[in-house]
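The residues making up each chain are set out below.
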Amino acid sequence: MTHADVVNNRCCKLGEWTRLARSLQDAENKVKAAMPEERKRILATKRLLLMKHVIEVEGYDDKTLAEDVMHGFSLVGEVPKSNVLPRKLLPAAMTEQDLCANSQRANLALRYMTRSSGDEELDDKLWAKTVSEVDKGWMLGPLQWSELGDGDTVSRRFPLEQSGKVRPIDDLSQSQINATVTCYEQATVDGPDVICAFATYLMRCLADQGRSTELLGRSLDLASAYRQLAIADGSRRHAFLSVYNPSSKSAELFQQVALPFGSRTAVNAFIWCARFLQWTAAKCLKLPLSCYFDDFVSFSSPALAGNSQAALCLMLDVLGWGFDKEGPKSDEFSLLVCALGVQFDLSSCKDGLLRVCNTEKRVQDTIVLLDEILAKGDLKKRDALVLRGRLAFCDAFIFGRLGKVALQEITRHAYASSFSDSLSNVLKDALKLLRDRVLRGKPRLLSCKMLETLFLLTDASFDPSDGAGLGAVLVSSQGQVLAWFGLKVEIEKLSTLLDGGRETVIGELETLAVAMSLLLWADHLDSTQLMVYIDNEGSKFSLIKGYSVSRAITAICALAATTLDEHYVLPWFGRIPSPSNLADFPSRQIKHPLLKHNVEVPKEEVEAVFESSMSFVSKAASPQ
Amino acid sequence: MFGCQRLKRTCLASNNGAVMSLNVLCDGRHEHAPWSMTDGVFDTSLEAEYTPMLAKALATTILEAIANEYKLPNVVQYSKKLKLSHFHAIAAAKQPTKSMSMHMVPEYSHVIVLANVPYWMSFHCTNSALAACVYLTCGGQDIFIPCASKLLRKTIKKGGDSRLFKFSVERTPSLKVLADAQPSGDKVAESELQLKCHKESQVCKGERLVLEQTHSDEECADWVFGVRWTPEEFLRQAVLVGHPFSNFSGLPPEVGAACGCCNHDSCGCCKQ
Numbered sequence: 005m006t007h008a009d010v011v012n013n014r015c016c017k018l019g020e021w022t023r024l025a026r027s028l029q030d031a032e033n034k035v036k037a038a039m040p041e042e043r044k045r046i047l048a049t050k051r052l053l054l055m056k057h058v059i060e061v062e063g064y065d066d067k068t069l070a071e072d073v074m075h076g077f078s079l080v081g082e083v084p085k086s087n088v089l090p091r092k093l094l095p096a097a098m099t100e101q102d103l104c105a106n107s108q109r110a111n112l113a114l115r116y117m118t119r120s121s122g123d124e125e126l127d128d129k130l131w132a133k134t135v136s137e138v139d140k141g142w143m144l145g146p147l148q149w150s151e152l153g154d155g156d157t158v159s160r161r162f163p164l165e166q167s168g169k170v171r172p173i174d175d176l177s178q179s180q181i182n183a184t185v186t187c188y189e190q191a192t193v194d195g196p197d198v199i200c201a202f203a204t205y206l207m208r209c210l211a212d213q214g215r216s217t218e219l220l221g222r223s224l225d226l227a228s229a230y231r232q233l234a235i236a237d238g239s240r241r242h243a244f245l246s247v248y249n250p251s252s253k254s255a256e257l258f259q260q261v262a263l264p265f266g267s268r269t270a271v272n273a274f275i276w277c278a279r280f281l282q283w284t285a286a287k288c289l290k291l292p293l294s295c296y297f298d299d300f301v302s303f304s305s306p307a308l309a310g311n312s313q314a315a316l317c318l319m320l321d322v323l324g325w326g327f328d329k330e331g332p333k334s335d336e337f338s339l340l341v342c343a344l345g346v347q348f349d350l351s352s353c354k355d356g357l358l359r360v361c362n363t364e365k366r367v368q369d370t371i372v373l374l375d376e377i378l379a380k381g382d383l384k385k386r387d388a389l390v391l392r393g394r395l396a397f398c399d400a401f402i403f404g405r406l407g408k409v410a411l412q413e414i415t416r417h418a419y420a421s422s423f424s425d426s427l428s429n430v431l432k433d434a435l436k437l438l439r440d441r442v443l444r445g446k447p448r449l450l451s452c453k454m455l456e457t458l459f460l461l462t463d464a465s466f467d468p469s470d471g472a473g474l475g476a477v478l479v480s481s482q483g484q485v486l487a488w489f490g491l492k493v494e495i496e497k498l499s500t501l502l503d504g505g506r507e508t509v510i511g512e513l514e515t516l517a518v519a520m521s522l523l524l525w526a527d528h529l530d531s532t533q534l535m536v537y538i539d540n541e542g543s544k545f546s547l548i549k550g551y552s553v554s555r556a557i558t559a560i561c562a563l564a565a566t567t568l569d570e571h572y573v574l575p576w577f578g579r580i581p582s583p584s585n586l587a588d589f590p591s592r593q594i595k596h597p598l599l600k601h602n603v604e605v606p607k608e609e610v611e612a613v614f615e616s617s618m619s620f621v622s623k624a625a626s627p628q
Numbered sequence: 006m007f008g009c010q011r012l013k014r015t016c017l018a019s020n021n022g023a024v025m026s027l028n029v030l031c032d033g034r035h036e037h038a039p040w041s042m043t044d045g046v047f048d049t050s051l052e053a054e055y056t057p058m059l060a061k062a063l064a065t066t067i068l069e070a071i072a073n074e075y076k077l078p079n080v081v082q083y084s085k086k087l088k089l090s091h092f093h094a095i096a097a098a099k100q101p102t103k104s105m106s107m108h109m110v111p112e113y114s115h116v117i118v119l120a121n122v123p124y125w126m127s128f129h130c131t132n133s134a135l136a137a138c139v140y141l142t143c144g145g146q147d148i149f150i151p152c153a154s155k156l157l158r159k160t161i162k163k164g165g166d167s168r169l170f171k172f173s174v175e176r177t178p179s180l181k182v183l184a185d186a187q188p189s190g191d192k193v194a195e196s197e198l199q200l201k202c203h204k205e206s207q208v209c210k211g212e213r214l215v216l217e218q219t220h221s222d223e224e225c226a227d228w229v230f231g232v233r234w235t236p237e238e239f240l241r242q243a244v245l246v247g248h249p250f251s252n253f254s255g256l257p258p259e260v261g262a263a264c265g266c267c268n269h270d271s272c273g274c275c276k277q
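Taken in sequence, the protein lines are chains E and G. Sequential numbering from 5 applies to the first sequence in our numbering. Sequential numbering from 6 applies to the second sequence in our numbering.
The reader is advised that the hints may include incorrect statements.
[Claimed, not checked] Calculated lysine to any residue pairs in the SDA-like style (CA-CA distance at most 25 Å, straight line):
| hint | chain 1 | residue 1 | chain 2 | residue 2 |
| --- | --- | --- | --- | --- |
| 1 | G | Lys103 | E | Arg579 |
| 2 | G | Lys155 | E | Gly324 |
| 3 | E | Lys623 | E | Gly542 |
| 4 | E | Lys492 | E | Ile510 |
| 5 | G | Lys13 | G | Phe47 |
| 6 | E | Lys595 | G | Cys152 |
| 7 | E | Lys140 | E | Glu151 |
| 8 | G | Lys88 | E | Arg579 |
| 9 | G | Lys103 | E | Phe397 |
| 10 | E | Lys85 | E | Pro95 |
| 11 | G | Lys99 | E | Lys380 |
| 12 | G | Lys88 | E | Pro95 |
| 13 | G | Lys99 | E | Glu218 |
| 14 | G | Lys210 | E | Ser582 |
| 15 | G | Lys103 | E | Thr566 |
| 16 | E | Lys384 | E | Ser421 |
| 17 | E | Lys44 | E | Gln29 |
| 18 | E | Lys365 | E | Arg171 |
| 19 | E | Lys453 | G | Val182 |
| 20 | E | Lys432 | E | Asp382 |
| 21 | E | Lys253 | E | Ser421 |
| 22 | E | Lys380 | E | Leu431 |
| 23 | G | Lys99 | E | Asp355 |
| 24 | E | Lys287 | E | Gly324 |
| 25 | E | Lys92 | G | Val182 |
| 26 | G | Lys204 | G | Phe128 |
Don't read these hints as lab results, they were simulated from the structure.
Construct the complete structure from the given sequences, taking the supplied hints into account.
Okay, structure coming up:
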């Protein structure tokens, strides 16, 4: 019944828009007839009056978007406010007048800077791409350099090789066109986190209704995204490009008509349109989508998937937005969605679980890269930082928190005060661990189930003359104390932590109290959401990040992370002020009415866990 | 106007238009020290630093602008920027590694501000914590400040102007207030939270203070106290706010609504 309502609603809406598009066709033709030929060609398929109608009737907040698309987007000056993106001011560094005043000399310099990339094949591909863009009507040229007028600005086009393809980049930063732009809004996109959240939220909605949580999904790419929008006539003077011609071995001049890849305003302009499409699908067609520039991801229950597929395609068709209908980028609703270099496996959604992992290609590329580095035995600073970024992205989609510790070793290598290219044994081990995680690590698992929430309060005290105290309290979701312990530790037993003449080890002890609690109560914690409350900010952030500058704390974090991973515990580390901390009492061997004797963990058990934890820390933290 | 000894203009460059509210000229109702050179040092160097009053005014202005931008009620609580990506991460079951200004259970249950308290009236604190509960009576109003409350700020104001005694008590919200996936059904319970003695089960020797006059033109002070949770209250509050992974959708409102609508039997928004 519900699905039928959704389908009926979509049919009504799309039928209404289709009829409206037909009736508005004459008016649409008149609007286009008034446009310059180049802009008309770019916007030929767009149904701008229908877009305007949807904005007005359905109540979209960016009221002027249809007019903005119609007139094209400026490359310079103030970017208008859309009212749909978060506010963030990015002021211009120079005025358009300054840009124009300097343009003649800058253009001349840029013309002579336009040279070969050093790779003939790359130069040929860039030139071929440029010529094909002229054929598609996205730019004009080649033009004569003498045709440049006063104040016209030229930017350089260079090739960027990505996954075997050549992407032309128009450097509007070098030509300072981007420096004249003032943005009042931040162009936000929905990354992999949002896609994960989207799938789990949809499953939760289904589960709340007692329905099956089975899902199918698809990704959708808008074809030649930025090129579907035009540059405003007033900005065309700043849309000149200098491109290296490998035949004549000279710089050739072109003029852009479609929005360039490399312009600051183009990013905002395109995001406005993409967010409009996302909003229209969600609000009018009850078709939820995530939006990452030109990549959209949709999930649906199997019963609605066919209709969602048709409705989404028809919505884009009727509004005149081009998307990949065939070829490698086209997709249909299925159990596997690949988007943004991440694979979303929906095969366990019926059990309320979403598996997220790296795509096969990313895994293979990363393994090859790591093997090369390990074989070579050295890693330059710049390469280390690039590698860290790539591995951090990969590791985010592998189950468990141990990768964070290994990633920290790459950071240590890159920022070592006396830098050496060669790989240390510790770094080699870290790279091997990361390689193993990328190759064999379990996918990240997200559950829509409302897991039981438990609360863990921990505390530690330290006195150089008297030793240390550790305490923890485990509390049920109803607020009942399930178990607690308090342990007094003699100063001699802390020699591992006090190495090197250290006077206090409170950070280590606070972190240790958490790790020990996890080990002691691991069976209670199986598949739960755990709120860990700590009164030491340093320990809290070490546990969140998985590492610290102190090797001992890093080792304790690794111990805690291993227990959390093994028992599939979803932790959140929060702050508790000391005067409010119930665990403060057992850490100082003070009684409290809430801490009943019958739920106290036997002292021998706590001592055994303390000994084993210290032994682990001693081995892990010793210099290698 | 911001406490400089000498008449001096200050130029601020900012990308936040809110600083324009600081654009005031001297009203000429006070005397300025002369500009000169003492022991080979120009007075200009003595006036180079921002005065504490200017620094505070600038910080307050920016904080208020941020609070206004994000439609947040409590300026101090939200002084660090909340990012959209924080909520995306939480919705995807990841705790953001960057510090968030809002805690699941806030540091203080309430913030009590006592403004223009006569200078002779003092609150006894040990290590910045109020030693005993205070029962303050003024103009028919009773104000209770629990023991162990932390003294967050004390600002002394010079006499000369007639000032009215004022007080305010504000609840400090938890991160759950911003939840969108499961609107907290516990808001009523939260609003009912009462101020009470920090020692709960023990007996606290409270201190009674009476203010006969509601205004004064003598030297006075503003006192700001953060009320601590008792261990029992903290636990109750922690249970109430639960775990954040269940609370956030990470989705734009319309997308979240579409997810709910597609699968909701009783949703009437699709029915024509």
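Hint check results:
Proximity of G/Lys103 to E/Arg579 is assessed by CA-CA distance (about 14 Å); at most 25 Å being required, the pair is judged to hold. Of the supplied pair hints, the one linking G/Lys155 and E/Gly324 is violated, its CA atoms being roughly 62 Å apart against a limit of 25 Å. This hinted pair checks out: E/Lys623 and E/Gly542 have alpha carbons roughly 23 Å apart, not beyond 25 Å. Our distance criterion of 25 Å between C-alpha atoms is met by E/Lys492 and E/Ile510, whose separation comes to about 14 Å.
Pair hint G/Lys13 plus G/Phe47 holds up; C-alpha atoms about 14 Å apart against a cutoff of 25 Å. For the suggested pair E/Lys595 and G/Cys152, the alpha carbons sit about 21 Å apart, so the restraint of at most 25 Å is met. A distance of roughly 22 Å separates the Cα atoms of E/Lys140 and E/Glu151; the hinted pair therefore holds under the 25 Å criterion. Distance restraint check for G/Lys88 and E/Arg579: the Cα-Cα separation of roughly 20 Å lies within the 25 Å cut-off, and the hinted pair is therefore satisfied.
Of the pairs offered as hints, the one joining G/Lys103 and E/Phe397 holds, with about 17 Å between alpha carbons and a cut-off of 25 Å not exceeded. As the CA atoms of E/Lys85 and E/Pro95 are separated by approximately 14 Å, the hinted pair is consistent with the 25 Å bound. Between G/Lys99 and E/Lys380 the alpha-carbon distance is near 35 Å, which puts this suggested pair outside the 25 Å criterion. The hinted pair formed by G/Lys88 and E/Pro95 meets the criterion: a straight-line CA distance of about 20 Å does not exceed 25 Å.
Restraint check for G/Lys99 and E/Glu218: satisfied, since their Cα atoms lie roughly 23 Å apart, inside the 25 Å limit. Among the hinted pairs, G/Lys210 with E/Ser582 is consistent with the structure: their alpha-carbon atoms are about 22 Å apart, no more than 25 Å. Between G/Lys103 and E/Thr566, the direct Cα distance comes to roughly 22 Å. Compliance with the 25 Å bound is thereby established for this hinted pair. With a C-alpha separation of about 14 Å, the suggested pairing of E/Lys384 with E/Ser421 holds against the 25 Å cut-off.
For the proposed pair E/Lys44 and E/Gln29, the alpha carbon gap of about 15 Å is at most 25 Å, so the pair holds. Of the supplied pair hints, the one linking E/Lys365 and E/Arg171 holds, its CA atoms being roughly 19 Å apart against a limit of 25 Å. With a C-alpha separation of about 22 Å, the suggested pair E/Lys453 and G/Val182 falls inside the 25 Å cut-off, and the hint holds. Taking the CA atoms of E/Lys432 and E/Asp382, the gap is about 10 Å. The hint holds against a cut of 25 Å.
For the given pair, E/Lys253 sits about 45 Å from E/Ser421 by alpha-carbon distance, which is inconsistent with the 25 Å threshold. Between E/Lys380 and E/Leu431 the alpha-carbon distance is near 13 Å, which keeps this suggested pair within the 25 Å criterion. About 21 Å separates the Cα atoms of G/Lys99 and E/Asp355, which keeps this hinted pair within 25 Å; it holds. The straight-line distance between the Cα atoms of E/Lys287 and E/Gly324 is roughly 19 Å, inside the 25 Å bound, and the hint therefore holds.
A threshold of 25 Å between alpha carbons decides the hint, and for E/Lys92 with G/Val182 the separation of about 23 Å falls inside it, so the pair holds. Distance restraint check for G/Lys204 and G/Phe128: the Cα-Cα separation of roughly 18 Å lies within the 25 Å cut-off, and the hinted pair is therefore satisfied.
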